[in-house]
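Q: Fit chain B to the given chain A structure using the hints.
Residue numbers (the numbering used here), protein chains in the order written: chain A, 1 to 479; chain B, 1001 to 1420.
Quick look at which bits of chain B chain A covers, simulated, 3 or more residues with Cβ under 8 angstroms: (1) 1025-1033; (2) 1043-1056.
Computed list of lysine-lysine pairs in BS3-like fashion (alpha-carbon distance at most 30 angstroms, straight line): (3) B/Lys1416 - B/Lys1233; (4) B/Lys1170 - A/Lys442; (5) B/Lys1248 - B/Lys1233; (6) B/Lys1120 - A/Lys475; (7) A/Lys475 - A/Lys399; (8) B/Lys1162 - A/Lys442; (9) A/Lys399 - A/Lys473; (10) B/Lys1120 - A/Lys25; (11) A/Lys399 - B/Lys1416.
Think of the hints as simulated: they come from the structure by calculation, not from any bench. Computed from a predicted model, the values in this text were never measured in an experiment. All C-beta atoms in this analysis are idealised placements derived from N, C-alpha and C, irrespective of residue type, glycine included.
Here is how the chains run, residue by residue.
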Amino acid sequence: MSDTFIRTAMLPPQLPPVTERGAVKWVRENLFSSWLNAGLTVLGVAAVTYLVWLSLPWLIHGVWNGNSLNECRASIAANFGPDAGGACWAMIHARWYQFIYGFYPPELYWRPVLTAALMFVALTPILFSDNRRVAAIMLAAVAVLTILALALVQMPAWLFVLCSLGMTGLFYIGTEAPGRLIWVSLLYPFLTFWLLWGGSVWTPIMALAGFVLLAQCYSLLNARLGVVLATAIGIVAACLWWLLVGGIVAASAQALLPFGLVPVESDRFGGFLLSFVIGVSSIAISLPIGILLALGRQSNMFLIHTLSVGFIEFIRGVPLITMLFTASLLLQYFLPPQVQFDLILRVVILVTFFSAAYNAEVIRGGLAALPRGQFEAADALGLDYWQAQRLIVMPQALKVSIPGIVSTFIGLFKDTTLVTFVGLQEPLRGITTIVRADINWKGIYWEPYIFVGAIFFAACFGMSRYSLYLERKLKTDHH
Amino acid sequence: MAMAVETPKQGFRLGMLLYDTRYRAVTIQVIVLILFVLVLGWLADNVRSNLALKGKDIDFSFLWRRAGYDIDQQLIPYNNDMTHGRAVIIGLLNTLLVAFLGCILSTILGVFLGVLRLSKNWIVSRLVGVYVEMFRNVPLLLWIILVYVVFSEVMPTPRDFKPIADGTAKAHMWLWDSVAVTNRGTNIPLPLLDHPLPRIETSFLSLNTSAIFVLILVGLSIWVNRVLLRRAKVVQEATGVRPVTWWKSLVLLLLPTVAVLILMGFHLEYPVFEGFNFHGGLNVAHAFTSLTIALTLYYASVTAEIVRSGIQAISRGQSEAAFALGLRPGRTLALIILPQALRVIIPPMISQFLSLTKDTSLGIAVSYLDLRGTLGGITLNQTGRELECMLLMMLIYLCISLIVSAIMNAYNTSVKLKER
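Only chain A is shown next, with the shape it has when bound in the complex (with noise of 0.2 angstroms):
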């Protein structure tokens, strides 16, 4: 008999010591793994904790109800000792609708909230259009919100009842048939223009009869003459009917059938609502034109590439202020005496050139991050210059180039906050100086400040995460 041993159950597992795992793992790897990072996280702590102490009393002894500086530290002189800082967020209350419509009539309020919540249902189809579900919960949510807020603002019973049940009925299409739901996007800048200037409903009606002629001009034309031509005629066709024909027919209907929305001057409007206003027309209006720019960029003909060139390059060296400046000031120098433009128009013109020329340098980087191949497979297939472009080319460079044209988005919608150098009242300078000139509220300068940055703030973040979220979903590739 040999006393040969043979094990014949395994030992259990043990856990690891106890500094490998958990809690104690984590804290060693990642706070304590050398003696630079020991100073680093102290140092981190202890700024995290200083800025804490500092604001943290400051925030917590915040008042949210009363009419004056004064009265906000009277009140937290009560209630938290003599020497106690604290916000006095009673001026975002007082001033509130300030702060979101700038001067626009308060008997109108209805009119901006309906247009915000049509711009997130327009929004829908374009955004999330693959997911339904996505798309259902943000109908919902806009719905829910449009029929509180609106509850909110003064307005006719009977006209809140049509909205909410537009809203809903709006919900009931885009989770039935969401696609149905693009014909609102297509609407939505007309209505928009309606709804925010008031006036006759005829005006936007005969714009939109031009976009159509153009439409059918380009669809009749297109088989027989070209891309190029059938465009050309038909935005031939539509200029003269804006110019010659719309404005008779839209007075004459006026006068046959009146009508309209209480008109409102440019001048009323102010705060988020015309940073939006400006936003979301200068970006709508800016990437196509930036695509245009950058094909001509990457044009071979000579002239179209030098002038795309020499657009871009100019439009990129100079500041956006001299830009707006150039709005207010010397663009009236440039057109026919009699013509008196909008400034919101202007600046809008302006800021959408300017920020045409960034996106056409980042569709022109994605441009040229597509291999050679796409194109000549493109040519090989017989398809003409704007079928390629259309089916192989543009896709792929749009989507390497979202990270970009998203950041220049963001950066254009920062930087609505300059029109206030034009005389526009945007809510960061114009309304808080407004406010701050206010002898109620004489000598507060953090919390408008943080109410204004913090929206800014959300709006901006908002578009970036969804940047990511589009980057995912577009990636087709497996590494």
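A: Leaving out everything else, chain B in the frame of chain A:
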């Protein structure tokens, strides 16, 4: 037997201008050219008729007339008797000063933050992440205004520095009693020379020869130092042993400049509280300080993101190879990662420097008299010549942008990977 049928030769038909790809490009370009010229002509005609309507003409002679306004920050001598042209140059210099400082400071802070963002230390990388998102997603204008407002409303008044009965004061100066931040401006020590070299005075320029001399000296010592380092490298490559250079470099870089400064009697004039305000030293307006600080903080967050993505673009194999060679993390970063990441980092940095330079025009929010403040602001309002002032201003900004991008592109070419 199949035979290729020769296509019959056709003469030129008018339709070919449209359908033949050989001619279509020409057709389109001709049409575009005609449209372009028509639009230009229309704009020029509008300008002409508008100017005629207002009774104005295009005339740049106002640049040689008396300006009549003061500028409180001037890098070269200026007073309100001088011309508008001179005021424009003062504004341009102020723009360049802020742009220069902003570029340098934001790069230093941004590289630092970008490296920390990738730190393995959880709390530090999160903190830097919060910083970056906070600054990137809020308009730059807000930071400029906020810094300015905090400076001019939170800081103590000059009177608070006055000692009360028991010898203490409500406010204190910083950095060993050398810097006083008040709500009216920041008082910093002013470097002065007891025996400066004589200034060269001309009708247009007044040259500070001492400063130029010192700058040339610094440049010379940097050049000699580079020669020294190159020699050391040659020796190292020949023998494998690197000669000790650090003390030679130190002497070369410091000694001549320090010696000359001592000879010229260099000293600092500290701001001193007398009567009701600070006297002596240099009073820096809050407009300048807040613009520089806000631009630095904001663009540091942009730089941090650029640096982070540049470092992440370098494959992990590079740092693993460096670790395998026994390099420590700091050396790996400095010798292996950063030189390679630099190639990815530089192109976006170019456009970022350009945006910073253009964004100095936001100084309008704090009434900083830069190029836009002088030429596009007071001069424009005084002379009423919008067209000339705006065009000139755009042209100058365009030139600055082109020059900055030319310099940076030259640098980019010099560090680019040399491929055969």
